[in-house]
Amino acid sequence: IPASIRPKVLNINGDIPRRERLRQYVNTPTIICATPDAWNHDLAASKGNNWGLIATLLKIKLVVVDEMHLYNGSFGAHFALLNKRMQLKIEMLGGKLEDIRYIFASATIGNPNVVCQMISNRNQDNLKIINSSGAKSYGKKFVCLRNSQISTQHAAMCLSQLVELGVTTICFTVSRAQSKAIAKLAANILKKKGKNDLAASISAFYGAMKPTQRTKIINGIHSGEIKGIISTSALEAGIDISNIDAAIVCKYPGTNLSARQQMGRAGRHGKGLIIFIPSHYSLIDTYYSNNPDLLFTDNAEIVSFNQSYRPILSKHIIACCSESKPTSTLLEKYFGKAAPEIVNELLEKETLIPSFNKRIDANPNLGYVHINIKMRGADGNIDYVNKNSGEEFETSSSAIAIREVYPGAIYPSQNI
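Residue 196 in my numbering sits at position 196 of the sequence shown; the count goes up by one each step and never skips.
Each hint should be verified, as a subset may be incorrect.
Under the rule of at most 27 angstroms between Cα atoms (straight-line distance), these lysine-lysine pairs were calculated in the DSSO-like manner [what the hints assert, rightly or not]: (1) K96 with K140; (2) K349 with K89; (3) K325 with K349; (4) K180 with K128; (5) K315 with K358; (6) K387 with K47; (7) K96 with K349.
DEER-style ranges, computed between Cβ atoms [said to hold, decoys possible]: (8) G94 with A200: 56 to 62 angstroms; (9) R101 with P311: 27 to 33 angstroms; (10) T327 with K140: 19 to 25 angstroms; (11) A200 with I410: 44 to 50 angstroms; (12) Y411 with T327: 29 to 35 angstroms; (13) Y411 with T212: 30 to 36 angstroms.
No lab work stands behind these hints, which were simulated from the structure alone.
Note that the coordinates shown come from a computational prediction; the quantities given were computed from them, not determined experimentally.
Even for Gly, the Cβ is constructed at its ideal location relative to N, Cα and C.
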């Protein structure tokens, strides 16, 4: 595209320092690729004199929400409220909300019309559901194995054989511990055959990895350096890895929605192979091993969340008051009938304070209130550090860390 009309793309995610992100708004980007977590923090800067960010907000005409089925539970509630904060801010800046259009995309969701309305804060008058795909489709072969008492070992065997045959394969697991175990087993199988180069082409992947590690692995898949990848649900969606030939689903992931996302990773640019390895110890695995066609025909699960849940709603109202100083009327308009009562309680506690022209502000003594919003419901992350090298090699929530890295624990990592 010629430079004179080339879109200016701004990438907003947690891997890019916030100060660096905010400086890039000076050029008023044409396209913003944002994670909800980072967008929450960038909205906080709209209360200052970041005119580039303010100009960007006023120019928004299209909001695309990809993988909408992921916005479930507390994550969905946080995201819907985040969008309302953005809409309120745009209205207070004098923007025209009626000019903004929303596009939602998902291959697997049972109630798209409901989720679209809740997140977009719009009614269904102008809602159009497109329920047929125009994407080019390739044939896929589906293989369902017998119930396995050693599904981890069988997954490693399948993976190593496919890699040996030159088939780029992704194996999905239900936990990162299982991902590491399959990666180690598959690599050992290939090493015993004297194929160390192929053993080195196998890697585990999970969300707890540091960004540099994840990027290196994904680049390795694209370049062909990595032939076998073992992943938790972290690679179900949101990352473009279209050159996967085969997908192994090791144990039923818990929902048809996840199962179809995982199976859909195979054969995007050619014929694909899907292998389902049901666990002998799971009744639902047994059910689907006896009725494997239902993995493709059963209805996808519905997505549900409660954006009026007071602990979540209160945090977004505080953040909204900090970034926009709205009136109580606007707060009720965007956050519903529960808002006035919450606002009155927060005013009594002096968490919120009156401002000019009947507006409401967050108490400046609270500090940076946006940090209290955990979009994905996490209660804080713990970094894992190799004490010999000082390197931070993984991260996890404190709830997982308590179970996995207590004193005396043996913690496996593919990089150590």
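Going down the list of hints, with the structure as the test:
Distance restraint check for K96 and K140: the Cα-Cα separation of roughly 46 angstroms exceeds the 27 angstroms cut-off, and the hinted pair is therefore not satisfied. A distance of roughly 25 angstroms separates the Cα atoms of K349 and K89; the hinted pair therefore holds under the 27 angstroms criterion. About 17 angstroms separates the Cα atoms of K325 and K349, which keeps this hinted pair within 27 angstroms; it holds. As the CA atoms of K180 and K128 are separated by approximately 43 angstroms, the hinted pair breaks the 27 angstroms bound.
Restraint check for K315 and K358: the C-alpha separation of about 21 angstroms stays at or below 27 angstroms, so the hint holds. A distance of roughly 42 angstroms separates the Cα atoms of K387 and K47; the hinted pair therefore is violated under the 27 angstroms criterion. Annotation: proposed proximity of K96 to K349 is violated, straight-line Cα distance about 34 angstroms (limit 27 angstroms). At about 58 angstroms, the beta-carbon gap between G94 and A200 stays in the expected band of 56 to 62 angstroms.
Remark: the range hint 27 to 33 angstroms for R101 to P311 is upheld by a beta-carbon distance near 32 angstroms. The beta-carbon spacing between T327 and K140, approximately 55 angstroms, falls outside the hinted interval of 19 to 25 angstroms. The supplied range of 44 to 50 angstroms is broken by A200 and I410, whose beta-carbon atoms lie about 24 angstroms from each other. Checked against the given bound of 29 to 35 angstroms, the beta carbons of Y411 and T327, roughly 52 angstroms apart, lie outside it.
The hinted window of 30 to 36 angstroms between Y411 and T212 is violated, with their beta carbons roughly 20 angstroms apart.
Of the numbered hints listed earlier, those contradicted by the structure are 1, 4, 6, 7, 10, 11, 12, 13.
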